[in-house]
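Trainee: Sequence:
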Amino acid sequence: MQDSTQFETLAIQAVAYLLTDDDTRQGFLNATGLEEDAIRAGLENQGFLAGVLGYLLSREDLLLDFCEQNEIPPELPARAQQTLAGVVG
1 MQDSTQFETL AIQAVAYLLT DDDTRQGFLN ATGLEEDAIR AGLENQGFLA
51 GVLGYLLSRE DLLLDFCEQN EIPPELPARA QQTLAGVVG
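The opening position of the sequence shown corresponds to residue 1 in this note's numbering, with each subsequent residue numbered one higher.
Note that these hints are calculated values from the structure, not bench results. This structure is a prediction, so every number in the text was calculated from the model and none was measured. Mixed in with the good hints there might be a few duds.
DEER-style ranges, computed between Cβ atoms [claimed, not checked]:
1) G54 / Q6: 14 to 20 Å
2) D23 / G86: 17 to 23 Å
3) D21 / A41: 18 to 24 Å
Every residue, glycine too, gets a C-beta built ideally from N, C-alpha and C.
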């Protein structure tokens, strides 16, 4: 997984993960101040997706669970976040 399209897909998977469980969803919405309509609108915005990954990275428990469920290394969401945020190309 190396290009921004693949990283966008990973970030969208992270959105789905964060919204699936009621407690996780409420924690995400409370921490970000977002409403679900804004999330749907942001799915095509790389900056928004980078922000979602940033939230996931700030919660090690959620990060590790997400990575385990998706069978990916824990450093991949950080690389995706940096790429989507334009930190690395």
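Trainee: Which of the numbered hints are not met once you compare them with the structure shown?
Mentor: Hint 2 is the one this structure does not satisfy, whereas the remaining hints hold.
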